[in-house]
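> Given next are the chains, with one letter for each unit.
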Amino acid sequence: MREITYRQAINEALHEEMERDESVFILGESVCREQWDTHRGLVQRFGRARIRDTAISEAAIVGAAVGAALAGYRPIADIMFSDFLFCAADETLNQAATHRFSNGGKTKVPMVIKTAIGGYSSSGPMHSQCPEGFLWHRPGLRIALPSAPYDAKGLLKTAIRDNNPVVFLFHKLLLDVRGEVPEDEYVVPLGSADIKREGADVTVVATSYMVRMALDVANQLTRYGVSTEVVDVRTLEPLDLDTIVESVDKTGRVVVVDEDVSRCGVTAEIALRIMEAVSRPLLAPVKRVAAADLPIPAGHLERRVLPKPQDIADAIGTLMNIDGRLVVEGFSEKPGFSVG
Amino acid sequence: MDTRLKQRNGLDVAVSKSATIRPTGPQLVRLYTNMVRVRRLDEFLVDAYYSGRLAGPFFHSQQGQEAIGAGACTFLRPDDYVWYTHRGHGVCEAICKGLPMRAFVAEHFGKATGSCNGIGFINTCAPELGMFGMGGTVGGESTLAAGTALAAQFRGKGQAVLCFLGDGAMGEGSVHTALLMSANWNLPVVWLCSNNGMSMWVPVEAAYPKENVADLAFGYDIPSTIEDGQDVAAVYSAVHTAVERARSGQGPSFIEFKTCRYRPQVEGVADYCLDGLRDPVEVKRWKQRDPIDLCARRLLEEKILTREDLDRIDEEALAEVQDAERFAAESPLPDPSLLDTALYAS
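If you read the sequences in order, they're chains A and B. 1 is the number of the first residue of the first sequence in the working numbering; add one for each residue after it. 1001 is the number of the first residue of the second sequence in the working numbering; add one for each residue after it.
Treat the hints with care, as some may be off.
[Said to hold, decoys possible] Below, computed lysine-lysine pairings styled on DSS-like, alpha-carbon distance capped at 30 Å:
#1 B/1210 with B/1258
#2 A/108 with B/1157
#3 B/1287 with B/1258
#4 B/1284 with B/1303
#5 B/1284 with B/1258
#6 A/106 with B/1157
[As the list claims (entries may be wrong)] Derived contacts from chain B toward chain A, CB cut-off under 7 Å, selection only:
#7 1137
#8 1146
#9 1151
#10 1186
#11 1342
#12 1345
These aren't lab readings, by the way, just hints derived from the structure by calculation. In this text, a Cβ means the ideal position worked out from N, Cα and C, and glycines have one as well.
Can you build the whole structure from these sequences, using the hints too?
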């Protein structure tokens, strides 16, 4: 099968869905060019009416998307960094998420908020965050956070066709990652976790870039004789708990990994849901790997705050009750953007 | 300064010159009738608040401001979009746009027959009338209004969007960014600011550096005008001049209406102003120019209606309110299964 990058996968999904449905349009700041180069060829093909550059106002971008969605269109609100989405907190959390509910289910808000997440680039506290915990806390949003090109394309296509507000979180460090993507039409349903690697001893449940990190750790741990299963949640809302729990029931041990902070975070929520749902007692208490409960520093100390491969290996070592340390090497994708 | 005045006067002049955009006699009767209907319904909801019949713990009466919603919404197209505010919970805009009173009262009673199936309370949702409800944050609808205006522009069928704001909303950044977007994209939206002089308990002069909030539209190059919010015919003329601009692709307009809310910001709380109370003499002075009385006087003077006609309109409005009350009282509560279907669309 052909291989394309995560960035190209996003780009293909946009091209195909805009071609398929005239009601799809993109609005955002500098979207004709787009910071992450996921919009290549769109404005040339679909024109400035459907690829709409706005003033720098996240509130207007998201709010107008909500309004246009209510009025029958399928807007994609492009927010350059997910950190900036907090500038549109009212429009995202109060308006988009609750509009249908407050109207007794009489309206629908078919829109996508597409935004870049993630650290590991020394970009400081307002260009590095992972907001999935915040967003998941709010009933009414759907959340997709793909880790691979195949998932990025399939989930974005589904997100655009969904009749609800979907926040599509793509990770900056994954943009140049290559992977198999069929040329034929396909979609990935929301609410379908994916077992990215099968294993027998321990389950790592991970999101986004953390899936790549967990896979790398899992491969390194084979030399210690540890067999690791890696489950990619792919979407938090809806969450495919069945697939996760099935894996944990098999291995009896689980580490939950997410790049957002640990406190009130995704790892806490998934860990508890697993404990509530497993059909046999866990062999060891759940471990979590997440960012420290700190803002993300720029510079060299960033690596002390964000999850790293050794954290995952240490968690697995504890779960497996292994004497000595499971030493793994560092891991990093080449940043898919300029950090200079 | 000259340029600024010209921008405002652009719409001022258009309004004053739009001789064809004046309510006819029969139209004035409908405007009057709608104002009476809304006043009687608002009075009923105030009573219902005090007798504990409302589903939620507040009502924000719009009494005194009826001319604005009535003049603006009575003669819109069904497919025009209307965004309203918490003032009156949209009673004036919704009823005048065509929502049956029954749906409005039932929603306020928390009943399944309400316009939001009984879980919206202050929300009024009627997609068939271009009304998608409100949020609950002041000015929060403004960017959504810009979005519906963008949809209207895409569709190209001459739909207009009306977005009501209070003077208090002009402090919200989202309102300004929505104004900016509407100007940038020449969107078919009419911004209607009902300046009742009070942002909750803060008088407008304490919240803004200038007397007229319409001046804030200058910076966005949006033609604006300041109108008498008590004169329903003036409201009709100004709004429909702006609506025609919107329909014909001439972009957004901003209209400030000088008006007064007769009652406190919210029922059950004193009529505060800063650290004291609002001057009751001031409210009394505004009541001398009550929008319903002004219109009745004109209808009588121009011999469009008789005193008996006015009485009959009032009786019919009261009967309509009583019917809505009975309907709401007899309606069932929402089924809890609504909670499973209301959040996500399939």
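> Within 30 Å, alpha carbon to alpha carbon, are residue 106 of chain A and residue 1157 of chain B?
Holds, because 24 Å separates the two Cα atoms, which is no more than 30 Å.
> Could you grab the alpha-carbon distance between residue 1284 of chain B and residue 1303 of chain B and see if it respects the 30 Å cut-off?
holds, 28 Å
> With the threshold set at 30 Å, check whether the alpha-carbon distance from residue 108 of chain A to residue 1157 of chain B stays at or below it.
This hinted pair holds, its Cα atoms lying about 22 Å apart.
> Does residue 1258 of chain B lie within 30 Å of residue 1287 of chain B when you go C-alpha to C-alpha?
Between residue 1287 of chain B and residue 1258 of chain B the Cα gap is close to 13 Å, so the pair holds against 30 Å.
> For the hint on residue 1342 of chain B, does the least C-beta distance to chain A fall short of 7 Å?
holds, 4 Å
> Taking 7 Å as the limit, does the beta-carbon of residue 1186 of chain B come near enough to a beta-carbon in chain A?
violated, 12 Å
> Has the given pair, residue 1284 of chain B with residue 1258 of chain B, been kept, meaning a C-alpha gap of at most 30 Å?
Answer holds: residue 1284 of chain B to residue 1258 of chain B is near 15 Å, not above 30 Å.
> For the hint on residue 1151 of chain B, just tell me whether its beta-carbon gets within less than 7 Å of chain A.
holds, 3 Å
> So, as I understand it, the hint says residue 1345 of chain B touches chain A; can you test that by seeing if any CB pair is closer than 7 Å?
holds, 4 Å
> Hey, does the residue 1146 of chain B contact hint survive, CB to chain A under 7 Å?
Because about 5 Å separates residue 1146 of chain B from the closest Cβ in chain A, which is inside the 7 Å limit, the hint holds.
> Should the hint that residue 1137 of chain B touches chain A count as held when the rule is a Cβ pair under 7 Å?
holds, 5 Å
> Is residue 1210 of chain B close enough to residue 1258 of chain B, meaning Cα to Cα at most 30 Å?
Between residue 1210 of chain B and residue 1258 of chain B the Cα gap is close to 14 Å, so the pair holds against 30 Å.
Violated hint for the displayed structure: number 10, the only one.
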